[in-house]
Amino acid sequence: MGTQKFLILIVGPTAVGKTSFCLNLANRYQAGIVSCDSRQFYREMDLGTAKPSPMELASAPHYFINSRSIEEDYDVKQFEKDAIELLEKLFAQNRVVIMTGGSGLFAAAVTDGLDEMQELDPQIRREIIAEYELKGLTFLQEEVKNCDPEYFKLVDQQNPQRLMRALEVYRGTGKPFSDFRVKQKINRPFEVIKIGLERPREELYARIERRMDAMIEAGLFDEADALFSKRHLNALQTLGYTEIFNFLEGKYDREEVIRLLKRNSRRYAKRQLTWFKRDADIRWFNPENEADILTYLKDQIG
RNA sequence: GGUCGAGUGGCCGAGCGGCUAGGCAGAGGUCUGCAAAACCUCGUACAGCGGUUCGAAUCCGCUCUCGACCU
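First residue of the first sequence? That's 20 in this note's numbering, and the numbers climb one at a time after it.
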């Protein structure tokens with residue numbers, strides 16, 4: 020059985036059943052579960068992020084869940100660093116580690132790596148945001164067109180976030196964003212086995228609906244209410260919370276929030292699928308067919 | 001049986017002779033430091049048949065369906 024290390028990455032849309040599947044898997048391989056879910060890191064958010072329950076958390080070693088506060092700034096690059104460090108430790112003890120979560124970019128940062136980029140002064144972004152709010156999208160478009168025409172040609176020119184990032188990099192480094200976008204896949208000291216979990220769309224949507232009802236039942240509104248005063252924080256720009264904040268501000272009634280919570284979760288699931296579907300390395304399974312997945316893994320890992 | 005009203009894309013809904021409303025739901029997509037975010041694209045439907053007209057979802061006739069009222 021050699022010294023080969025394996026990271027089993029389990030991805031898929033929200034509510035497809037990643038948590039319970041990973042728990043079984045962790046048990047079988049005596050492996051830890053690393054989260055690559057951009058919202059489950061935060062300890063102040065619970066219900067709305069569909070974290071594993073305390074009981075589930077106790078039944079296998081979990082990493083990164085509840086590791087951060089919503090008050091902290093946290094981004095993919097930091098996550099990549101943290102994850103690689105952690106994986107090194109975990110692989111020293113175990114040849115198999117599981118990673119799961121719904122955030123495609125975060126998973127990719129670990130498996131493929133992000134392009135090298137120096138630290139930027141956070142003040143730069145703050146300034147750019149302020150300028151954008153004052154002068155609008157046209158301003159961003161003009162700036163990026165000037166400092167990085169190459170990137171300007173391929174970005175979503177209507178997308179302020181992308182434009183701001185390009186500008187931020189330019190102002191912080193003096194070089195166009197394009198120069199850094201080498202998209203070179205980094206070789207990791209472990210093998211990655213990518214498994215996608217998927218179900219028929221209707222079934223997935225029914226699960227999303229049921230789970231949202233359960234979250235509400237469990238007190239999602241109270242949780243969001245308690246965080247209301249912090250709703251400006253980035254971590255709270257999150258599906259499930261923003262809708263309730265708007266409700267608390269009186270933008271619509273209770274029936275409408277619930278409708279939006281469900282609808283937006285469905286749309287989120289769809290976006291996740293779009294993201295993951297383009298990764299040809301992912302093998303897709305219905306989580307109901309656990310036996311098939313285990314056979315496949317056995318084949319890969321031995 | 002009679003009288004009147006209505007029938008528009010999955011749903012709601014405007015149009016009432018020529019200029020493909022709109023909303024909701026849905027689908028597809030983009031993606032390298034805010035990512036559960038941000039952004040982009042997509043529906044020629046007017047109950048059926050016939051007629052009038054250069055031209056009909058819009059006017060006329062018949063048929064069908066639904067609703068209301070009358071006997």
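No wet-lab data here; the hints were simulated from the structure. One or more hints might be untrue.
What the hints assert, rightly or not - Have a look at the derived ranges for each label pair, beta carbon to beta carbon:
(1) Q23 - D298: 35 to 45 Å
(2) M136 - R47: 34 to 44 Å
(3) M136 - K249: 24 to 34 Å
(4) L153 - T293: 25 to 35 Å
(5) D318 - N46: 16 to 26 Å
(6) N43 - T157: 46 to 56 Å
(7) N283 - L153: 24 to 34 Å
(8) E236 - N265: 35 to 45 Å
(9) A225 - E152: 33 to 43 Å
(10) R302 - S78: 17 to 27 Å
(11) N206 - T157: 19 to 29 Å
(12) G238 - N46: 22 to 32 Å
(13) N265 - T157: 19 to 29 Å
From a predicted model like this one, the values you see are computed outputs, not experimental measurements. Where is the CB? At the ideal position from N, CA and C, for every residue including glycine.
Hint check:
1. Q23 - D298: 35 to 45 Å: violated (22 Å)
2. M136 - R47: 34 to 44 Å: At 38 Å between Cβs, range holds.
3. M136 - K249: 24 to 34 Å: holds (29 Å)
4. L153 - T293: 25 to 35 Å: holds (33 Å)
5. D318 - N46: 16 to 26 Å: Roughly 20 Å apart at Cβ, these two residues keep to the hinted range, so it holds.
6. N43 - T157: 46 to 56 Å: holds (53 Å)
7. N283 - L153: 24 to 34 Å: Given a distance of about 30 Å, which is inside 24 to 34 Å, the answer is holds.
8. E236 - N265: 35 to 45 Å: violated (21 Å)
9. A225 - E152: 33 to 43 Å: holds (41 Å)
10. R302 - S78: 17 to 27 Å: holds (26 Å)
11. N206 - T157: 19 to 29 Å: violated (42 Å)
12. G238 - N46: 22 to 32 Å: Once the Cβ atoms are compared, 29 Å apart, the range 22 to 32 Å for N46 and G238 holds.
13. N265 - T157: 19 to 29 Å: Check passed, 28 Å falls within 19 to 29 Å.
Hints 1, 8 and 11 from the list above are not met by this structure, while the remaining hints are.
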